[in-house]
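Quick mapping for you: the protein sequence lines, in order, are chains S and D.
Residue 181 in full-length UniProt numbering sits at position 181 of the first sequence, with consecutive numbering throughout.
Residue 382 in full-length UniProt numbering sits at position 382 of the second sequence, with consecutive numbering throughout.
In short, the hints are calculated from the structure, not lab data.
There may be inaccurate statements among the hints.
Chain copies aren't distinguished; within one or between two, either way the pair holds.
[As the list claims (entries may be wrong)] Listed below are the simulated DSSO-like cross-link pairs for lysine-lysine, each with C-alpha atoms no more than 30 Å apart in a straight line:
| # | residue 1 | residue 2 |
| --- | --- | --- |
| 1 | Lys121 | Lys474 |
| 2 | Lys559 | Lys396 |
| 3 | Lys342 | Lys170 |
| 4 | Lys295 | Lys35 |
| 5 | Lys328 | Lys58 |
| 6 | Lys453 | Lys474 |
| 7 | Lys529 | Lys641 |
| 8 | Lys572 | Lys121 |
| 9 | Lys19 | Lys622 |
| 10 | Lys148 | Lys170 |
| 11 | Lys417 | Lys170 |
| 12 | Lys98 | Lys228 |
| 13 | Lys295 | Lys546 |
| 14 | Lys546 | Lys194 |
| 15 | Lys465 | Lys35 |
| 16 | Lys397 | Lys342 |
| 17 | Lys453 | Lys396 |
| 18 | Lys315 | Lys171 |
| 19 | Lys476 | Lys55 |
| 20 | Lys448 | Lys98 |
There are 2 protein chains.
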Amino acid sequence: MLEMFNAKSVAVIGASETKGKIGYDLMKSLLNYYKGKIVPINPKGGEVMGLTAYKSIKEHGPVDLAVIVIPSHLIPTTVEECGETGIKNIVVISAGFKEVDQEGARLENQLVEICKEYNIKLVGPNCLGVMDTYNNMNASFSSDIAHKGKISFMTQSGAIMAAILDYADKKNIGFSRIVSLGNKAVINENDCMKDFMEDENTEVITAYLEGIVDGPGFIDACRRASQKKPVLVIKSGTTSKGSEAVSSHTGTIAGSDSAYEAAFSQCGIIRVNSLDEMMDYSSALALSPLPNGKKIAIITNAGGPAIMTTDAAIKAGLEMAELTTETKARLNEGLPDTASVKNPVDVLGDASPERYAFTLETVLEDPNVDGVIYLVTPQSVTEPEGIAQVAIDHTKKTEKPILCSFFGGTRFEGAEKLLAAEQVPNYLYPKRAVKSMKTLSDYTLIRKQEYPKSPEFDADKNLVKNIIEDAREKGKHTLGLESLDILKAYGIPTVGTAITTNLEETVKAAEKIGYPLVMKIVSPQISHKSDVGGIKLNLTSAEEVKVAYEDMMMNIPLKEPEADLEGVQLQKMLTGGTEVIIGMVQDPTFGSMLMFGLGGIYVEVLEDVNFAIAPVNEMEAKDMIRKIRTHELLEGVRGAKPKDVDSIVDIILRISQLVTDFPEINEFEINPLMVFDEGDGALAVDMRLMLKEGDKSDLLQSSPRSTSLKTKC
Amino acid sequence: MLEMFNAKSVAVIGASETKGKIGYDLMKSLLNYYKGKIVPINPKGGEVMGLTAYKSIKEHGPVDLAVIVIPSHLIPTTVEECGETGIKNIVVISAGFKEVDQEGARLENQLVEICKEYNIKLVGPNCLGVMDTYNNMNASFSSDIAHKGKISFMTQSGAIMAAILDYADKKNIGFSRIVSLGNKAVINENDCMKDFMEDENTEVITAYLEGIVDGPGFIDACRRASQKKPVLVIKSGTTSKGSEAVSSHTGTIAGSDSAYEAAFSQCGIIRVNSLDEMMDYSSALALSPLPNGKKIAIITNAGGPAIMTTDAAIKAGLEMAELTTETKARLNEGLPDTASVKNPVDVLGDASPERYAFTLETVLEDPNVDGVIYLVTPQSVTEPEGIAQVAIDHTKKTEKPILCSFFGGTRFEGAEKLLAAEQVPNYLYPKRAVKSMKTLSDYTLIRKQEYPKSPEFDADKNLVKNIIEDAREKGKHTLGLESLDILKAYGIPTVGTAITTNLEETVKAAEKIGYPLVMKIVSPQISHKSDVGGIKLNLTSAEEVKVAYEDMMMNIPLKEPEADLEGVQLQKMLTGGTEVIIGMVQDPTFGSMLMFGLGGIYVEVLEDVNFAIAPVNEMEAKDMIRKIRTHELLEGVRGAKPKDVDSIVDIILRISQLVTDFPEINEFEINPLMVFDEGDGALAVDMRLMLKEGDKSDLLQSSPRSTSLKTKC
């Protein structure tokens, strides 16, 4: 919890009587609403706006919250004084920190250090301030406090706070707490997430974020929060692709947004892409009960808009409720002959408030109906206020959501005001009511979501550690097929493989792996092996292996005299499997991110892959597989047998553990993993592993995330 | 042109002084605004609202437009009287026709016949009426006439007309002509499309449609219209899939919406999915000049909203303009140090109207900028009206579009009113300004679109006619491989194939086709040929053919004693090609619809196909291929050579001609067409053709469309 929101006394450090100064605006903002003690601090002392001003915070002594609006270079000293005075909560509104230059960054680091020393919770710097409507506290330089309501909002953009407040004022949308995060030097989105989750006045958590300070911590906080309250997040800056050099398919496909998309869906965040969606959905979530399912009924006084609304509902993923025979009979009895009693229920253009009331009541009682879209168009005899009142009355009585769409303009102004005043969600366009209903039903599912622990496999960590250390010592950062033992150490089945350097070894290895075999030349200078006769397929005996080996060693030098022939690679020849890829890249925010996709053109052309932040649990691993577009190919299509998806799930979980255990792995890919028919397992055929170009001392220092995320929450 | 909009005299048949009657509302609607002559017709005669009423239209004589509001059963006689009196334009508002029952449908047919006889243009029945704001004519029972403006609107839903009028009134959006289409007994969307295209007061054409009476005519009308004015269409009822039984992949995949999607894109329609989009885009199109390209600049007084707007722009398919060095230098000089002079140009939170003006002017002069998004958030010192006035002033001077987003609420009410009054497009949410800008730039391209004729190939139509007649006589509706001659008749290369019934024939045919060959057993009882040894691959000589034939005839009867062995099918064995499908289904609205996709799982699992209404021209055929998601596979991926796309284009064009020449073909599919490397052509390997289950007399009666669409327009 952030105690600052409950502050009973607030000091304004930099309070001023000079109009145009932030210290003036801020005093005004507080004086207008706040019922606690306001303490102006000004080096001149005297009075500010009729209140005794103190020359320094030390002169006054502790307060619950200090808001600082003085020039940035003075701030570290002031924060230190606050610390010495015992103040634990500070908001720094002033700009001039890391957002401007190196010197600012230095100042900001000083702030962070001082806050650590004194255990100070500091919002900002470079922000608009904070609000708590239930404490009547507007410690921001937005002149008006928000209306009281159930939504809390944190924002990384002060301008968006200003815009949303102005918009919400017009639409009568209420808030509980608002935080302008600023530079997030100390308090960040994770702290606010935890605070909003605990705040009893908050029922919906919303956020506008441009970046996230601590990805794993954010996932953890959101998983906890979203089980209690809906969490809606706008993450902006989504269109840029990561520009870092990458050397795997996984790295090529993963844009910076893939990790956000994966993380958000793994922790129950409702991601929204624009402020209109955020306001639409958060209003519905704040004001409406949750539907039990996604079966909706539409009540309408006109056919055309009902068709469009039905289209929109189906597209959004809602279902049209099948009304019971009883409901239809009752509607038939009570409505005119030409009315339609199938869903959408068309109560006709001349529908009175009474007819709407009868219909709404009847439809709400239908057990097949999870929620109602209440559609009204301005026909010549329509009584907008009366029909609005019907929605208001029923909203108070029912446990199902009623979302209105009064779809008109001038004639509906009165009805709109009435619905806003009575806190019934209303949307100009039916499509927006539909999408809000879909969000309600999505949240019904999110709320039930559990986040079980990832399984723990026995693994030979020391073996992996040795392989990695050995590679580092040799200055080698990319490991390939020769390191399949890494997979074996984590219990991942690999195809029989050997790299050999003479004939005797080769034959021995062939006998050990078993037939049929593929032999490939190993030579750093030869990239198109088949062009020089460097690939021999389907070798079925020791004799054939011998012939193949001798052929290569004799004939390849004739074609490629410059090439070093280091040996040959033998591999069991596989038939009948389906190629898939399991990969991992490091995301700067969320850490190890896994990827799954079908191999070959599916990944290269279709980019038909899914991502998830590691460590994943079984459900998440299954989701990664289930949610590719070409998932049917694994289920068995065109008469083919279903593939062994369980094996893929198991291998994803093992890879998840591997990359979590070894954060020094920067990129990783099994490509291909051959998956056989159900029950027949899967085999890793090739792998590629890139190490971070770092100090050896990183080795085996697991990231804190690997444990923090495994606790069930 | 529909003359009714220019009517200088209007008779109201069914005029009434009784409040609550439509004949009363209608008289009021006219009297409020109309400057022409109003003639009330009422069987009682006397006066209606101070005007002399006539007992019948005959008693009065001709008028330019008659609006009929009497009960439906009286209407045919009345329309006949109108015809006899020489009236050419009628609006029937009354309901009670085909929308209610059989008797109503009979009445409506009578209307159609009478209108044909007297050459009457009739709007309705069962509609809200028509408006022409420039003629001050409100011949509808909407009480208020729309504001004058540049948008014309036709709608198949009266309720949507009512809602849009009410909304537009509030937002000060103006219209030229409005038509409530009703049952479309005589005048339909095609007539209105032509009228709106010609109307000099109309600059944007909008339509809400639930169905289209004459698909080919609609395509033709829209191609012509969209080259002159933007055409925005909502087609509702899009989520239902065609339920007719179908027997090809093409038929399975093609939903009822595929044809609309294809047709709309082939004739320059801007398809919109909701009324908010329609109002947003049509306002921009009505009020703004078109941009030359899609490079936009964003001017903003806040960073966060600018990031979101940039995201939205990139997602929408716009590009961020690269400002010239000169522009940046000028901005650097005129703006505060901390302002950002890269696009988005951030003029900072304290930006005055003057600063906005300087920036807007500078950015508009940049040759790299095609249009400007003018973003304003309510910061503490922001002067909304002044900043709005800057946009207004520059809109009058520039030839580039400026779309505003005043993104706030209460504080922006004045600015919003000012922008609306001065007809500058303004959007609450930046995303909607962005999408409107994208629509402007889309229309820039549509306007330049040409629709060249489809090519005409020499084809042996008689051969095809004979094959089809022959099949029909035998009661056969599905033709397969045995009818590959149909393809040959249209110059489509087919794989060498023969069906033979004895050994001698088989060997002879094999020699003729050439080796290697595939042999398959032909037996109606055997569906899994390979299970019984009924497929022999890679036959390379007459001897192997003989052995294979004898093996099948001896051994298959042992496994399938009940099966009739009708013979064998020989086919040239192909290697190295890529499988594609070219198909066709009949759409009830638009006629022959072609489909293209890659074969196998691409069509079955990914449904990665494109549709186009036949006949197609070369550009459209290329688009069908280019727009599949997996198009890269034809370009050559993973080191493969590019495929012979020109051959596919050629074959699509020939199929287009075939299905246009023979409208009795109900479904058609070449599956697979094997496409080889560039320059090596393509071969049809199998086909399936289903005939309509109709009368023989249909044969060779080409649809009217096949010619009408070929005229260049």
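So, going through the hints one by one against the coordinates:
For the homomeric pair Lys121 and Lys474, neither the shortest alpha-carbon distance inside one copy (47 Å) nor that between copies (89 Å) is at most 30 Å. For a Cα distance limit of 30 Å, the shortest separation of Lys559 from Lys396 qualifies neither inside one copy, at 86 Å, nor across copies, at 74 Å. In this homomeric assembly, Lys342 and Lys170 never come within 30 Å of each other (Cα to Cα): the closest approach is 37 Å inside a single copy and 33 Å across copies. Taking the closest pair of Cα atoms, Lys295 and Lys35 never come within 30 Å of each other, the shortest separation being 47 Å inside a single copy and 52 Å across copies.
Proximity of Lys328 and Lys58 under a CA criterion of 30 Å is satisfied in neither setting, with 74 Å inside one chain copy and 48 Å between copies. For a Cα distance limit of 30 Å, the shortest separation of Lys453 from Lys474 qualifies neither inside one copy, at 37 Å, nor across copies, at 68 Å. In this assembly of identical chains, Lys529 and Lys641 lie within 30 Å of each other by CA distance solely across copies; the values are 19 Å between and 33 Å within a copy. Neither within a single protomer nor between protomers do Lys572 and Lys121 lie at most 30 Å apart by alpha-carbon distance, with minima of 61 Å and 79 Å respectively.
In this homomeric assembly, Lys19 and Lys622 never come within 30 Å of each other (Cα to Cα): the closest approach is 61 Å inside a single copy and 67 Å across copies. With identical chains, the CA atoms of Lys148 and Lys170 are at most 30 Å apart both within one copy (14 Å) and between copies (29 Å). Taking the closest pair of Cα atoms, Lys417 and Lys170 come within 30 Å of each other both inside a single copy (10 Å) and across two copies (15 Å). Taking the closest pair of Cα atoms, Lys98 and Lys228 never come within 30 Å of each other, the shortest separation being 35 Å inside a single copy and 54 Å across copies.
Neither within a single protomer nor between protomers do Lys295 and Lys546 lie at most 30 Å apart by alpha-carbon distance, with minima of 68 Å and 64 Å respectively. For a Cα distance limit of 30 Å, the shortest separation of Lys546 from Lys194 qualifies neither inside one copy, at 67 Å, nor across copies, at 81 Å. Taking the shortest Cα distances, Lys465 and Lys35 never come within 30 Å of each other, neither inside one copy (61 Å) nor across copies (92 Å). Taking CA atoms no more than 30 Å apart as the test, Lys397 paired with Lys342 passes inside one copy only; the shortest distance there is 24 Å, against 55 Å between copies.
In this homomeric assembly, Lys453 and Lys396 never come within 30 Å of each other (Cα to Cα): the closest approach is 41 Å inside a single copy and 63 Å across copies. Both within a single protomer and between protomers do Lys315 and Lys171 lie at most 30 Å apart by alpha-carbon distance, with minima of 28 Å and 29 Å respectively. Taking the shortest Cα distances, Lys476 and Lys55 never come within 30 Å of each other, neither inside one copy (63 Å) nor across copies (102 Å). Taking the shortest Cα distances, Lys448 and Lys98 never come within 30 Å of each other, neither inside one copy (41 Å) nor across copies (50 Å).
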